[in-house]
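Novice: The primary structure of each chain is shown beneath.
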Amino acid sequence: MEILPFLVLPFLASLILTGIHAYLGVHVVERGVIFVDLALAQIAALGATIAILVGMDPHGTGAYWISLVFTFMGALIFSFVRSATQRIPLEAIIGITYAVASAAAILAMSKATGETEHLKDMLVGNILAVSRGEVIKTAILYGIIGSFHYVFRKKFLLISIDPKAAEAQGISIRLWDFLFYASFGFVVTSSVAIAGVLLVFCYLIVPSVGAMLFADRIGSRLAIGWTMGTLVSALGIFLSVQMDLPTGAAIVCTFGGVLVLMAIVHRLTFKYRTKISAAA
Amino acid sequence: MAKGIANKLAELDPADAAYFQQRFQDFDKRLTAAEQNWDAQMKAYRGRKVVTYHKSWPNYAKHFGLDVVGYIEPRPGIPPTPGHTIELIQQMKRDNVKVIMVEPYFDLKTPNNIASATGGRVVVMLPSVGGEKDVTDYFKLFDYDIALLKKAFDETK
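Chains A and B supply the protein sequences, listed in that same order.
Note that this note's numbering gives residue 91 to position 91 of the first sequence, counting from 1, and the numbers run on in steps of one.
Note that this note's numbering gives residue 145 to position 145 of the second sequence, counting from 1, and the numbers run on in steps of one.
Think of the hints as simulated: they come from the structure by calculation, not from any bench.
Given the structure is predicted, the values throughout are model-derived calculations rather than measurements.
There's no promise every hint is true.
Facing chain A, from chain B, some residues (calculated, C-beta under 7 Å) [said to hold, decoys possible]:
| # | residue |
| --- | --- |
| 1 | 29 |
| 2 | 78 |
| 3 | 79 |
| 4 | 82 |
| 5 | 83 |
| 6 | 86 |
| 7 | 110 |
| 8 | 113 |
| 9 | 156 |
Yeah, the Cβ is synthetic: ideal placement off N, Cα and C, and Gly gets one too.
Please model the complete structure; the sequences and the hints are all you need to start from.
Specialist: Shown next as structure tokens:
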């Protein structure tokens, strides 16, 4: 059967998603801004709505740039809020941003004349339908963003894990926060167009959480996260073929199942370890 | 339907009943002529096999004798499974199905992907008046859709 060649591109796409999101997820979980990807994706969708409102083609380059500008404005908001208010949790601001951006998109659509039904599709990608061009383009873009993060990894990690120490070292938190959210928003917006909100959320959060069960060091957490993401992608795609299920949702549920398994293993080995240390 | 509207209007406003009747007859005449024209244009394509996004063009396909052999998304709102998509691609190749009819509000990624795998063509057809600036009435709607379909059929023989 020609089933294998058909699945090569979706699998490659899922590897690219694993590569960048398992890394970004470490930051997101450390910062405790779990839903920031949903908020940024919604802001990008709002940008696309505005583009339609002024008469642009929703899939054209103009609409793309407007979405990007909106994403950067969201990044600006998040980086300012963190440094300005200590008492208000950032997650509250993220929730508000999500709600307001969604509502504003509805308002904009109500004033648009042409077809705006595309918008709901922006948040539900179909990873099976990814094209060769998309895979290549995304690989290059994420490669550039990944190298940028690699070069400045010390700064990025420090502001995520220990912002006070970063400030003491004279690093501009506002600037590096903005760079983080801007590159993050850029990645999330592109990923959501390929795989949809649910799948992107899982690639971001689950590997990082799974890795935290077993490791503390960033390096080991990344290694566990990447391994988990790769194995889950392969298993999810395999299950979706075997059981004739929609691929994206199958991968999401596989992520959930594997995480539960990892938690059980962690629980068992943890008990075992404490027994040994108690006996010693 | 048009006759019903004319009758109701005449009932509400008996003074203008003759005018409504005359307008209805004019519309009916124009529609009959247009239908003959559309049927004539589509006659060469009777029995051609097509794929649609959902089960969404049954009357259209029946009227013009198009044979809908499959759907991109058989369960509305649930993304297609790999098995279904591969089967559809194989069926399209086997039966030489080249035309995929899609409404403008569906995402084109999946249809485009299948079209490129089968050498087919995605035709974004309008389901109602107003989908494009120039499509201002029922007549222009069918003119528009038929022109698109004919072009796709001709170019993918």
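Novice: Take the hints in turn and mark each one as holding or not.
Specialist: Tested hints:
no. : hint : result
1   : 29   : violated, 33 Å
2   : 78   : holds, 6 Å
3   : 79   : holds, 4 Å
4   : 82   : holds, 5 Å
5   : 83   : holds, 5 Å
6   : 86   : holds, 6 Å
7   : 110  : holds, 4 Å
8   : 113  : holds, 4 Å
9   : 156  : violated, 20 Å
Going through the hint list in order, the structure does not satisfy hints 1, 9.
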